[in-house]
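Top to bottom, those sequences are chains D and V. In terms of the numbering used here, the first sequence opens at residue 1 and continues consecutively. In terms of the numbering used here, the second sequence opens at residue 1001 and continues consecutively.
In short, the hints are calculated from the structure, not lab data. Some clues are possibly wrong.
[As the list claims (entries may be wrong)] Just so you have them, the derived chain D footprint on chain V, three or more residues with Cβ under 8 Å:
(1) 1222-1228
(2) 1346-1353
[What the hints assert, rightly or not] Incomplete in silico selection of chain V near chain D, CB under 10 Å:
(3) Arg1042
(4) His1217
(5) Asn1255
(6) Ala1281
(7) Asp1311
(8) Glu1313
(9) Ala1314
(10) Thr1341
Heads up, the beta-carbon is just placed ideally off N, CA and C, and yes, glycines get one too.
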Amino acid sequence: MDALYHVLISPFVDMATQPVFFAEVVIGGLMAGVMYALVALGFAVIFKASGVVNFAQGAMVLFAALTLVGFMEHGLPSWAAIPMTIVVMIALAYAIERVILRHLVNQPHIVLFMTTIGLAFVFEGLGELIWGSNVKALDIGIPDQPFFVGGMLLNQFEIFAAVTAAILVTLLVIFLQKTAIGRALRAVADDHQAAQSVGIPLQTIWVVVWSVAGFIALVAGVMWGAQSGVQFSLSLIAFKALPVLILGGFNSIPGAIVGGLIIGVGEKVAEIYWGPIIGGAIENWFAYVLAMVFLMFRPQGLFGEKIIERV
Amino acid sequence: MKRTGKLALGVLTAAAIAVGGVAAEKAAAADEEIFIPLTVYRTGPYAPNGIPIANGWRDYLKLLNARDGGINGVKIAYEECETRYDTKLGVECYEKLKNKGAKGAVVFNPLSTGISYQLIPKARVDEIPLHTMGYGRTAAADGSVFKWTFNFPATYWSQAAAFIRHIGNVEGGLENLDGKHIGLIYHNSPYGKEPIPTLETLSEQHGYELTTYPVDHPGQEQSATWLQIRRDRPDWLIMWGWGVMNQVAIKEAINIRYPMDHFIGVWWAGSEQDVEPAGAAAKGYKAGNFNGVGTDFAVLDDIVEHVYGGDMEAAKEEGLGTVLYNRGVANMLYDTEAIRTAMGKYGDKALSGKEVRWGLENLELTEARLEELGATGLVLPTRISCANHEGEGQIFVQQWDGEQWSKVTDWLEPFHDVVRPKVEAAAKTYAEENGLPVRDCSQEG
Chain D
1 MDALYHVLIS
11 PFVDMATQPV
21 FFAEVVIGGL
31 MAGVMYALVA
41 LGFAVIFKAS
51 GVVNFAQGAM
61 VLFAALTLVG
71 FMEHGLPSWA
81 AIPMTIVVMI
91 ALAYAIERVI
101 LRHLVNQPHI
111 VLFMTTIGLA
121 FVFEGLGELI
131 WGSNVKALDI
141 GIPDQPFFVG
151 GMLLNQFEIF
161 AAVTAAILVT
171 LLVIFLQKTA
181 IGRALRAVAD
191 DHQAAQSVGI
201 PLQTIWVVVW
211 SVAGFIALVA
221 GVMWGAQSGV
231 QFSLSLIAFK
241 ALPVLILGGF
251 NSIPGAIVGG
261 LIIGVGEKVA
271 EIYWGPIIGG
281 AIENWFAYVL
291 AMVFLMFRPQ
301 GLFGEKIIER
311 V
Chain V
1001 MKRTGKLALG
1011 VLTAAAIAVG
1021 GVAAEKAAAA
1031 DEEIFIPLTV
1041 YRTGPYAPNG
1051 IPIANGWRDY
1061 LKLLNARDGG
1071 INGVKIAYEE
1081 CETRYDTKLG
1091 VECYEKLKNK
1101 GAKGAVVFNP
1111 LSTGISYQLI
1121 PKARVDEIPL
1131 HTMGYGRTAA
1141 ADGSVFKWTF
1151 NFPATYWSQA
1161 AAFIRHIGNV
1171 EGGLENLDGK
1181 HIGLIYHNSP
1191 YGKEPIPTLE
1201 TLSEQHGYEL
1211 TTYPVDHPGQ
1221 EQSATWLQIR
1231 RDRPDWLIMW
1241 GWGVMNQVAI
1251 KEAINIRYPM
1261 DHFIGVWWAG
1271 SEQDVEPAGA
1281 AAKGYKAGNF
1291 NGVGTDFAVL
1301 DDIVEHVYGG
1311 DMEAAKEEGL
1321 GTVLYNRGVA
1331 NMLYDTEAIR
1341 TAMGKYGDKA
1351 LSGKEVRWGL
1361 ENLELTEARL
1371 EELGATGLVL
1381 PTRISCANHE
1391 GEGQIFVQQW
1401 DGEQWSKVTD
1411 WLEPFHDVVR
1421 PKVEAAAKTY
1431 AEENGLPVRD
1441 CSQEG
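Turn these sequences into a full structure, and let the hints steer you where they fit.
Below, the structure written as C-alpha cells:
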C-alpha cells in the first residue's frame, strides 16, 4: 500500500505542492529535449535520403566539433573557423559518396547500416589522430549566464539552443519541402534504381544530404561541446537521439523536434518524481521505455510515414 | 659463377653469425632486465585522463634508465598495451604481457577498477603483484587477505573520510557538522558507490544528513540531477565522478550558482582536464589528491634534463607538472622503490613478481629517501606492511584558482577507527566467499 502511494500519489502531490519547481523541471526537460533533437535531426536527414540509420552521426558530431576547436586552437577566429569546418564536412561528404556510397547503390539497407558503423570508427579514429584526445574548451561567444524568471532558473545558453534549433528546423523544412533536391530525397530513399531511372542524380543527392548532416553535426557539436568541452564522449550522444527518433519517426524533421521535447520532459519528470523510489539514475533507460511504449501504438513513430506494402 | 656462389655463401654465413651474435647479446641483456608492463588508455573516451598518466609512467622509467642505468644498475624494460579503459582489453593485455621479460612481469598497474577486479584472482594464481593506486577494491588494503594486491597510498574510503574531516575543519570543528546537509553526486557504478557506506557511517557519528544523487554513465546530460541539487541545496557537495561527468557537473554547478568552494571532487575529478572547459568560472572548486601538483619537484627537473634534453616546453606538452602526469610519476616511483627494496633482499638482478611482491609489502619510503629521489612533497612518506597495503591513507585538498590547482590543506588524516574495521570486514567477507586463507601477519617476516 505504501509502495502504491509512492508510485501513484506522492509524485503528483509533489508536483501540485511545488508548482514552480515542477515548471522548472518541465522547462529543463524541454531544453534538454532541444539538445537531443539537434542530434536527432542529423539522423533524420540521412534516413530520409537513404532509408538508413546513420550510426556515424554521433561520431560526426565529435569530428565536426574537434575540427572547429582544432582550427580555433591554430589561431583562426570563430567566424573563420566555422565556415572552414563546414568546408571540411562537405569534403568528407564528397569523399564518403565517392569512396563508399557510390559502390553500394541498390544494396540492402543493412549493408549501408553496417557501413555507417564502420564510418563511426573511422571518424572517431581520424578525429583523435588529427586533433588529439585532450578535452578542449569550446567558446565561440554563446551567452551562458543563468537568470531568474518567476523564481525559475533559466540559462541564456538554453534559450540560444532553442532558437538555434528552431532556425535549423525551419531551414531544413524549407529545404526538404520546397526545393527540388528535397523532393528528390524521398524518391532516392524509396528506390535507388527507380530514382536514377527518372533522372535523379543519386550521387549529387547523397553528397548534399551528407553535407547537410555534417552541418547539423557541427551545430550539435558546438552546442554540446560548449556544455561539456569537446571530447570523445560527444560521439556517445547518438544514444540520446535514438529514443527521440523512435518516438518522433525516423524520417520526420518535425518528429525529431517533438520527439526530443517529449523525451526530454518525460525523462526529467520521471527522474525527479519517480527516480528516487528505485534509487535514481533512471533517465537514460526511461527514455527508451517511453519510446518503446510509443512504438507499440505507432510503430512508425509520431510523425513517421506509415509504410504499406502490398503483395 | 662458382666463386660468386661461394662469396654469397660467405656473406650469408657472416651475416647469420652477426645477427645471431646480436640476438644472443639482446637475449643476454633481456635476461638482466626487469620487465614492467604498462596497461594504458591513450585512445577512447577516457584518453584525456589516460594519456598524462601513461606519459608520467613512461618518463619516470626512461629517467631511471637514462640517469641511473635502471634500478641499482639493472635496466628496466617496459611495454605499453592499450586497454581503452575496457575491462576485456585490459585482461587481454595482462595475458599478453604477464610472461614477458626475463622472469615475467614484476608488477601490474591495471589503471581501472573494472580491470583490477578481474585481475585480482588471476594475479594471485600467476604470482604477480597488482598495484591499484587510488582505485580498485578498497578491501585490498587488508593484506592478510589480499596478499597480491596493494592500493597505497590511499583508498576511496579513506578519501571519503578525509573529505568529512576537511568539511569539519572548514565548519570550525567536527561537532559543527551536526545538522549540516551533505550531498554526494556519483557515477552510477560500483566505483561511484564506493564512498557511500563510509559517508553513511560518519553521518551517524557526526549528525549530518546525507543525500545521494546518482548520475548514469557517461554523464553527458545531468540537468535533472542538478535540478534536485538546486531544490535540496546541500551545504556541501562531494562528487565521485569520472570522465565527461566531471566537466558537465562542474558546469552545472556554476549554472545553478552553487558555491564552488563547497564542492569537492574525488581525486579522479581533480585534474586540469576536469576544470578547463569551465575555466575561470570553476574558480574555488576543490578536489582530493595524494600527489603533489606543479613542476616544483627535483625529480621533474631531472625528467626534463634526461628525458627531454632540457626542453621544458616539450615536457609540458606531454603533461609534465599536471595532476595526472605527476600521479603517473608517483606511481612508478612507488613501484620502482618497491623493486629496489626487493633487490635489498634478493640481489641486484632481474626479479620475479613474487620477489617484487615482497618489496611492495616491505616498502618504506622515508622523508630522507624522498629527498634523495627529488620527490619531497610529491608523495608522503609511506610504510607498507603485511596487514596494511594502503599505507597511511592520507590525502590533501587542492583548489582550482581559475588557472591552476593549488594545495590548500595539509595532509588529512582519515578516520582510521571508522575505515579500518570496514576494510577488515569487507576483506573477511571476500575471503569467505572465495575460500581464501587469511594470513597471520604477526608470523610474516
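Quick rundown of the hints versus the structure:
For the region 1222-1228 of chain V, the proposed coverage by chain D is satisfied: 5 residues have a C-beta within less than 8 Å of a C-beta in that chain, meeting the threshold of three. Counting residues of the region 1346-1353 of chain V whose CB lies closer than 8 Å to any CB of chain D gives 0, so the stated coverage by that chain is violated, three being the minimum. Checking V/Arg1042 against chain D by beta carbon gives a least distance of about 7 Å; that is within 10 Å, so the hint holds. Annotation: interface hint on V/His1217 holds; nearest CB of chain D at approximately 8 Å, less than 10 Å.
A hinted interface residue such as V/Asn1255 counts as satisfied when its beta carbon comes closer than 10 Å to some beta carbon of chain D; here the least separation is about 5 Å, so the hint holds. Hint status for V/Ala1281 relative to chain D: holds, with the closest Cβ pair at about 9 Å, below 10 Å. Here the hint on V/Asp1311 is broken, as its CB sits about 19 Å from the closest CB of chain D, past 10 Å. Hint on V/Glu1313 is violated. Least Cβ distance to chain D is approximately 16 Å, over the 10 Å limit.
For V/Ala1314, the interface hint is violated, since its Cβ never comes within 10 Å of a Cβ in chain D; the closest pair sits about 15 Å apart. Contact between V/Thr1341 and chain D, as hinted, is not supported at the beta carbon level, the nearest pair being about 35 Å apart and thus beyond 10 Å.
Hints 2, 7, 8, 9, 10 from the earlier list are contradicted by this structure; the remaining hints agree with it.
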